[in-house]
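Engineer: Chains A and B are the protein sequences, given in the same order. Just add 49 to wherever you are in the first sequence, counting from 1, and you've got the working numbering. Just add 581 to wherever you are in the second sequence, counting from 1, and you've got the working numbering.
Watch out, some of these pointers could steer you wrong.
[Unchecked claim] Stretch by stretch, here's where chain A covers chain B in the computed footprint (C-beta under 8 angstroms, at least three residues): (1) 663-674; (2) 680-690; (3) 806-819.
Quick caveat, the hints were computed from the structure, so don't treat them as lab data. Backbone N, C-alpha and C fix where the C-beta goes; we use that ideal spot for every residue, glycine too.
Chain residues, written in single-letter form:
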Amino acid sequence: MNTSIPAISIKGLTKDFAVTLRGVKLRAVDDLSLQVEKGQVFGLLGPNGSGKSTTIKIILGLLGATVGEVKVFGVPSHQVESRRNVGYLPEAPYFYRYLSGYELVRFYARVCGVPKAQLKARVNDVVDWVGLSQAANRRVGTYSKGMLQRIGLAQALVHDPKLIVLDEPTAGVDPVGSAEMCELILKLKRQGKTVLITSHLLAQIEDVCDRVAILDHGKLMVEGSLLELVGQRDRQALIVDPLPAAEIEALREWLTSRGHVLNAIEQPRARLDQLFLSKISRTGHLGGNPGVGSNVVPSSSVPKSSASAPSSAPKA
Amino acid sequence: MSALSVPFSFNRLALIASNTFLEAVRQKLFNFLLLLAVGLVASAQFFRDFNFGSSELKFIADFGFGALIFFGSALTITATAQLFFSEIENRTALTLLAKPIWRAEFVFGKFLGVFSVIGVFCALTIGLMMALLWHREGQLMAANPEAFEAGRIMRYGDLFIVGVLQWLKFGVLSAIVLLIASFSNTNLYTVVTGFFALVICHLQYLARDSWSNVDSLVLRSVVRLLSFVFPNFQLFNLSDEIGQGAGLDPMLAGRVALYALGYITVIGGLAVYSFRNREI
Numbered sequence: 050m051n052t053s054i055p056a057i058s059i060k061g062l063t064k065d066f067a068v069t070l071r072g073v074k075l076r077a078v079d080d081l082s083l084q085v086e087k088g089q090v091f092g093l094l095g096p097n098g099s100g101k102s103t104t105i106k107i108i109l110g111l112l113g114a115t116v117g118e119v120k121v122f123g124v125p126s127h128q129v130e131s132r133r134n135v136g137y138l139p140e141a142p143y144f145y146r147y148l149s150g151y152e153l154v155r156f157y158a159r160v161c162g163v164p165k166a167q168l169k170a171r172v173n174d175v176v177d178w179v180g181l182s183q184a185a186n187r188r189v190g191t192y193s194k195g196m197l198q199r200i201g202l203a204q205a206l207v208h209d210p211k212l213i214v215l216d217e218p219t220a221g222v223d224p225v226g227s228a229e230m231c232e233l234i235l236k237l238k239r240q241g242k243t244v245l246i247t248s249h250l251l252a253q254i255e256d257v258c259d260r261v262a263i264l265d266h267g268k269l270m271v272e273g274s275l276l277e278l279v280g281q282r283d284r285q286a287l288i289v290d291p292l293p294a295a296e297i298e299a300l301r302e303w304l305t306s307r308g309h310v311l312n313a314i315e316q317p318r319a320r321l322d323q324l325f326l327s328k329i330s331r332t333g334h335l336g337g338n339p340g341v342g343s344n345v346v347p348s349s350s351v352p353k354s355s356a357s358a359p360s361s362a363p364k365a
Numbered sequence: 582m583s584a585l586s587v588p589f590s591f592n593r594l595a596l597i598a599s600n601t602f603l604e605a606v607r608q609k610l611f612n613f614l615l616l617l618a619v620g621l622v623a624s625a626q627f628f629r630d631f632n633f634g635s636s637e638l639k640f641i642a643d644f645g646f647g648a649l650i651f652f653g654s655a656l657t658i659t660a661t662a663q664l665f666f667s668e669i670e671n672r673t674a675l676t677l678l679a680k681p682i683w684r685a686e687f688v689f690g691k692f693l694g695v696f697s698v699i700g701v702f703c704a705l706t707i708g709l710m711m712a713l714l715w716h717r718e719g720q721l722m723a724a725n726p727e728a729f730e731a732g733r734i735m736r737y738g739d740l741f742i743v744g745v746l747q748w749l750k751f752g753v754l755s756a757i758v759l760l761i762a763s764f765s766n767t768n769l770y771t772v773v774t775g776f777f778a779l780v781i782c783h784l785q786y787l788a789r790d791s792w793s794n795v796d797s798l799v800l801r802s803v804v805r806l807l808s809f810v811f812p813n814f815q816l817f818n819l820s821d822e823i824g825q826g827a828g829l830d831p832m833l834a835g836r837v838a839l840y841a842l843g844y845i846t847v848i849g850g851l852a853v854y855s856f857r858n859r860e861i
């Protein structure tokens, strides 16, 4: 595939939904243009009803565009071919409750055309990779939210896609599961996968994304790299040991004499989620289901040989 | 890059069908089938007290087909609607249709899954009915040997063929329900409309018979059109032919089977067309 082709290209996308029989329409996406390059982790942000999920559904060919063009690896998104290299984890995923985790991933692997000879190894690898090996033979109906997200990620990755679309992957998941999802996303990034992610947890987006776009009422409000958008290039922070008041005053005077200004003196704080994670025994909370989680292999302790998503399977 | 670089796949279609069948089995629809079958066996105890002689066998066959048609129709409509809408309402369709599959594979996969479930129901019911008839016929032969001088009178092959034709009829009904589901927003609307369609298809022959008596050209044309749009389910009622005269005409059975397959293909195609642009 041509390397100059972006993973996702959206040009002038508008999506209207008819809301009454008289033809009154609701504009969910309004003249949106975006480009997601290969290998990026791209965050699509916005309040509820801003058009994020609609945009994702159009990218996946689940909805048609009213106006505009959406291409995935250069293929128009309404074509089945465009989904060949895409893995999708829907928001609050519901899967076939009557299947076991292993059966579910195997089913999607077969749908995606993973060759029979590689099927078993491939399914085992991704189930192991998301840390659900010990619960793989349980029915999905008994899984907690965190485990559903993990098995959802496994089905999204089983055919080794180049683009992974994650719609609110941490919705309803506790901070431990949420942090583990971030780790998995970063692992995908290290493997060169392109990830499109939506989330309301902005701190989480900040941790994993290279670029973000903010939508509101279907319109693109801002788009760029995190450094461009939230970095303060005209400011610097120095973190030092605690200083007595007299020394701070001396420092201020010294800076003033050189034409600089000491803008603020603050006590640095650890983030609350970091404190939470440091106090929680991770091994006992994976999947968020006590008694089960204790048997689950945490992603952080996945052996190095399987710490990267298997990529030996040929493309579907 | 061509849109056809992901070709239509019968493997994926079979996967979706087998998953639909598995859903029916694991979500207790299959238990419902077994319960009906056991009920049919248990009800055979009542017939022993009647001892109508050879006409009793016809009665048992009619009773069995009555049960098959009644419960089979109800099962076909509810199972088709349920197994289709469970994908939409549980949002599993989102994940599945985001994979490189054609909507036609999804629709025909759902159809084949439901058709398999109904096939198991028909096989169980007809199998039990035939076993019951065989057993009772043996008892009657022992009690009245003179009435069975020429051997067994029930044509079990004909029973089997009529069972297969009923299965095909349920297939047509399932395709109709799937067509309704392809544009409907709710399970309830699909089930209710499906039952209306069932009644219309059973009474369709009345329209066919009456169009020649209608004076208005427009009305006559409408009635005639409707009589072709809706399949005539009365054509499948061949159980009266069993055990009479030369028995079931194989050519007639073949024509009815082709009639059913034709309607399944056309209505299934319409369902795919309707579902193709449905927004999930």
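Engineer: All hints, please: hold or fail.
Structural biologist: Hint by hint, here is what the structure shows:
1. 663-674: holds (count 3)
2. 680-690: holds (count 4)
3. 806-819: Violated: only 0 residues of the segment 806-819 of chain B have a Cβ under 8 angstroms from chain A.
Consistency note: the structure conflicts with earlier hint 3 alone.
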